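Chemist: Please construct the entire structure, taking both the sequences and the accompanying hints into account.
Here the protein sequences line up with chains W and R, keeping their order. The first sequence: position 194 = 194 (this note's numbering), numbered continuously. The second sequence: position 256 = 256 (this note's numbering), numbered continuously.
Careful: at least some of the hints might be erroneous.
Note that the list lumps identical chains together, so a pair holds whenever it fits in one copy or between two copies.
Only pairs whose alpha carbons sit at most 27 angstroms apart, straight line, appear in this in silico BS3-like list of lysine-lysine [unchecked claim]:
(1) K470 / K326
(2) K71 / K378
(3) K470 / K378
(4) K326 / K291
(5) K603 / K48
(6) K378 / K112
(7) K470 / K515
(8) K593 / K95
(9) K620 / K683
(10) K336 / K396
(11) K112 / K476
(12) K326 / K620
(13) K273 / K470
(14) K75 / K350
(15) K273 / K95
Hints are computed from structural coordinates only; laboratory data are not their basis. This one's a predicted model, so the numbers in the text were calculated from it and none came from an experiment.
2 protein chains.
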Amino acid sequence: MNRLIISIALALVCTMTHAQQLKSPDGNLTLGFEVDAEGSPVYSLDYKGKAVIKPSHLGLDIFDDQYGLAKGFEKGAIETSTFDETWEPVWGEWKQIRNHYNEMAVRLDQSKANRHIIIRFRLFNDGLGFRYEFPEQPNLTYFVIREELTQFAMAGDHKAFWIPGDFDTQEYDYNESKLSEIRGLMQKAITPNASQHSFSPTGVQTALMMKSSDGLYINLHEAALVDYACMHLNLDDRNFVFQSFLTPDAQGKKGYIQAPSTSPWRTVIVSDKAEDILMSNITLNLNEPCKIEDTSWIKPVKYMGVWWEMITNKSTWSYTDAPAVKLDEFDYANAKPNGTHAANNDNVRKYIDFAAENGFSQLLVEGWNVGWEDWFGKSKDYVFDFVTPYPDFDVKGLQSYANSKGVRLMMHHETSASVRNYERHMDEAYQFMVDNGYNSVKSGYVGDIIPRGETHYGQWMVNHYLYAVKKAAQYKIMVNGHEAVRPTGLCRTYPNLIGNESARGTEYESFGGSKPFHTTILPFTRLIGGPMDYTPGIFEMDLSKVNPDNDSHVNSTLARQLALYVTMYSPLQMAADLPENYSRFMDAFQFIKDVAIDWDDTKVLAAEPGDYITIARKAKGTNNWFIGTTVDENGYTSNIKFDFLDAGKKYIATIYADAADAHYKTNPQAYTIRKVVVTNKSKLTQKCAPGGGFAISVIEATDINQTKGLAKL
Amino acid sequence: MNRLIISIALALVCTMTHAQQLKSPDGNLTLGFEVDAEGSPVYSLDYKGKAVIKPSHLGLDIFDDQYGLAKGFEKGAIETSTFDETWEPVWGEWKQIRNHYNEMAVRLDQSKANRHIIIRFRLFNDGLGFRYEFPEQPNLTYFVIREELTQFAMAGDHKAFWIPGDFDTQEYDYNESKLSEIRGLMQKAITPNASQHSFSPTGVQTALMMKSSDGLYINLHEAALVDYACMHLNLDDRNFVFQSFLTPDAQGKKGYIQAPSTSPWRTVIVSDKAEDILMSNITLNLNEPCKIEDTSWIKPVKYMGVWWEMITNKSTWSYTDAPAVKLDEFDYANAKPNGTHAANNDNVRKYIDFAAENGFSQLLVEGWNVGWEDWFGKSKDYVFDFVTPYPDFDVKGLQSYANSKGVRLMMHHETSASVRNYERHMDEAYQFMVDNGYNSVKSGYVGDIIPRGETHYGQWMVNHYLYAVKKAAQYKIMVNGHEAVRPTGLCRTYPNLIGNESARGTEYESFGGSKPFHTTILPFTRLIGGPMDYTPGIFEMDLSKVNPDNDSHVNSTLARQLALYVTMYSPLQMAADLPENYSRFMDAFQFIKDVAIDWDDTKVLAAEPGDYITIARKAKGTNNWFIGTTVDENGYTSNIKFDFLDAGKKYIATIYADAADAHYKTNPQAYTIRKVVVTNKSKLTQKCAPGGGFAISVIEATDINQTKGLAKL
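Modeler: Structure, rendered in structure tokens:
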């Protein structure tokens, strides 16, 4: 600690004297870089004159190396450049994304070791990205990381929205506290999970969202996590300095590297407007451009699923109640069915009918395949084969039935975290999908990883998740990876990665509930790295009505559930509830049917992490907009302007809002629906219930008859 | 230790009173079984009234279980049966093998835990096999082994032929010592290896060969090692009790089991004649019958190889001297070749020519594929792709050239122990073989296993080796696995597993030499589990003549090298030296050309572990025999009778023997060749040099002219 203070002091002294500087295109951000007296690289970041990152050290600690990669450096050649390009994503929040930064690449020579590294900085108007580069050279080829020593020295005891650092799960509720309070709150924050592994009383995950007392919003994450261990942040809570804490492998080592190689980008998104954090494209911009040549088969998906009824324990994934099975031996054909298997032909057809009637393109079916009897908690190696259906699930028949109604079945590959087994079956499993009309798969990794000793976020599994996505692309298959490492923008390079869960999703409302402010934080944290398959759209909050033995409650109003289709950006959106619950509220369900899933434009109208978010999005290829607001447990009154609409046009706005007496806990299903005419001059004041929100579809009026009789906003 | 003594004493008391007994068919072996006062199963084994295994405990220690599986048992139902069947192996030492045993299956009930296990004993005339069985039942499904607690209590301080217990290698020289001396010799015994992991100062590997002071030969091993961790033996050297020591996984656990399941068989082969140990078929008989329906594509192979010149460092596996490569990026086409790459078109064609001229059916080529520049010692994940040749190796052209001469190229899959990488490429690699005319592969696992933390002999890798063999069978490919777990008779079930190295092979003669008695021990140890690709046939013992920088010496006479083709049984036999070294001794080479590799009958004429072995084998489908003798560093004078020949027939025996002044170190290439006529009345006294031996081809004389002018023995 003392050494740290001295180092920082020295760095402060040196930095100002000999610092390199890089400015963002608009000049608001200033990066400082220097090498201190011990030869340690030091960087700092200011925003409009305020410190965002105080002088912080960089470097790595590696095994079996006399010098390490943290000290003993001298500044070598420095190359600066500017980049300004606009590119089009295959799907996304915007039709076009501008990638504009000033770059500084600093060569650092370690003369004693006769080798060098490069640290590359890219400064955007909304933040910084930097990474380590290990060029090909005689004296640096193979090395093993003991720890990456990247620091992020905070300028104060910021407010933070955090989940406990963990090598195996992100499925924790968020905590809102000062940095200094993390330690005291950690134990309670670590709620039980199928697979978890915390590492520090002050360790947290990224993306980490913070707000300083002087109104700066600061977000820390990483981009382009490839063949490297996932980074967590370990806080020195005396000095408010975060240091990177990589996920170890089975032997405690943190990464096997072969130069030439680069680390992922470490990102600092910063603004004095919270909205800018959500509007930032730094993560995508730091990723490689799309590597898939023909992307015509990649399309956003709106789906339903034979899923919630199992999550609520109303029915089962498994077909029998056998305590254990051996896949190649168990006689399923003659086994006694338990009568609670949800993925049976009749039930699936009912879902297909409903999905087809309501314009959903795919139906996820979980529990379709043999092996669910003992899939969980046994550390079972050969747990699934991914191709053999249960006796009551007719793959071809159901796919054909679905297709006849314009719907497609969505595949499910639960791996039970038995990853060698999944890789052994992967080609056959993907081919089975192709042969049976599937083009998208939800994959899962529930439980402790096999190979045992590895964790969900180490280099080993990071490699696997991308392997699965790349191989899927060869089969023209889209992937939605649950329990995988949280994304870092790789969907730009591999747009068939249409989603991940990798956070606490809607299912937790059935496992005891999530904090009502959960969705006012997720876009500032989990979604910084990529879309989330949050699976919203629950209309029945009292789960004892779905299953009398389930006393959990969905901590949200119904109106807020609608809003999530806008505020939780994803090209993959699920209407997660049971058809019978939608049937009871078809007027509200209309929003889910109408809402787009691909966008030409996005505007964050208002946002405060932990409190409220209002987003408006323009549906791709249309002049229509959709607006959503989600708020915390206190409720909130939104004031929004429709000034993003085209001038001179009229739109029909259908507003789905909390009723005046709505409350996420006591009266969640009280909502109102009203239609009004809006123009770009319109304004709306809308009260949201605690744990509530509102959703608005804004459809261009093409015919004067459409606006007849409607009030104008 | 005290507890052990007390337990044994108690067991002794109880055993005699209430013991179950089982006798071998000929009555010489008696198995005793009892459950002691603590409910611990105890067994013992006597041979002709002498103790082989003194009362020894059985059981397992499992995690997270209140009772464990070692005590608290009561004897339940006992079922006895007899089995007597003769079966034909696809290839082997005998045309037919008799499987004759008396069996006792003891049910052990653990009433407190409301579960049971079964211990099944099979008593053959030459030994015992037993295993644990975990039947399907409600209260025993999934469990994790902390340790198997199988004891083998020796009756005295036997002489043992042992190598250090190790989770990663068997490539140690053998030690001959008393059990009490193991501890003092262990440190010196652990010589360096690319991947090694010893675990106990008195831990040794199986098969373990011993000789008691009263002339009993005792061998401990296991059979049918499937989905279980490899067993080592840890010696209590005060009481001379071995206990099973399973190979741990990355987390130190010793096996994940799902009932119904069985452990491998633990085997005790015993006789008062050393020859009987080598004649035993217990290991094969305890394995499942052949599971491959059509075995017509499985054929023994006599081969040569572009290999020894790299092992002696005369040339290289690698094509360039680049310090490191990335397979998908390195520009091999334009890289500067190092000029020492052995697997180039010209050189390979020379080997093909020689192999074809001399009747060899296959040519192994190592170093044919990209990636050898940095294949070793880097813990490199994506190290080989198994399908991309170096620029100077024309796969189709060379295979075509070979085929035109009646030879086939043999594939090489060095995995560098990067096992996920191998499995990811395996289908493509096997298909590549099929597409390019290969039908057999030598696979290797040099280096520490990836997934890191696993070892070569844990349950994880045991599963992998069999996975590779089973998948190979789907492609009609034969497998010869180097650095794999030592075999346990699985070649009966999967006869496409035509060999393993999995011991210290001939290559070590180039790495400093092996002890001259090495091959007088290997058949008693390593070969108990299955054939070994020992790759004998080195004619130039002074390796500085092959490569001036290599000062190693092959510790064998040339005549003994010939004998090894008989004494080291294998359906896969290599003439391992360089063609130019054979060319200098074509008269001796004739034996290698003549010797068969598949047999109708085998007779061990004389054997003493560590001293000498003489074996005679009858070539399949002929009346010809081949005899080989290998002796230790003292030399030996063999006295053999030819009484196994058919009465009334004459045979031409060509005897390749050490010259009178031969010596493995100082005069290894001094040999004599003489032809004599033999009948079943003939006898031979033949002096063998230190580290020497002799080889004899015994060809039926079908024509009186063949015997003209020859002396009669």
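Chemist: It remains to establish, for every hint, whether it holds in the given structure.
Modeler: We went through each hint and held it up to the structure:
no.	hint	result
1	K470 / K326	between (30 angstroms within a copy, 18 angstroms between copies)
2	K71 / K378	between (46 angstroms within a copy, 25 angstroms between copies)
3	K470 / K378	between (29 angstroms within a copy, 26 angstroms between copies)
4	K326 / K291	between (40 angstroms within a copy, 19 angstroms between copies)
5	K603 / K48	within (23 angstroms within a copy, 92 angstroms between copies)
6	K378 / K112	between (52 angstroms within a copy, 23 angstroms between copies)
7	K470 / K515	neither (36 angstroms within a copy, 51 angstroms between copies)
8	K593 / K95	within (22 angstroms within a copy, 74 angstroms between copies)
9	K620 / K683	within (24 angstroms within a copy, 96 angstroms between copies)
10	K336 / K396	within (23 angstroms within a copy, 55 angstroms between copies)
11	K112 / K476	neither (50 angstroms within a copy, 56 angstroms between copies)
12	K326 / K620	neither (48 angstroms within a copy, 41 angstroms between copies)
13	K273 / K470	neither (37 angstroms within a copy, 61 angstroms between copies)
14	K75 / K350	neither (67 angstroms within a copy, 56 angstroms between copies)
15	K273 / K95	within (23 angstroms within a copy, 85 angstroms between copies)
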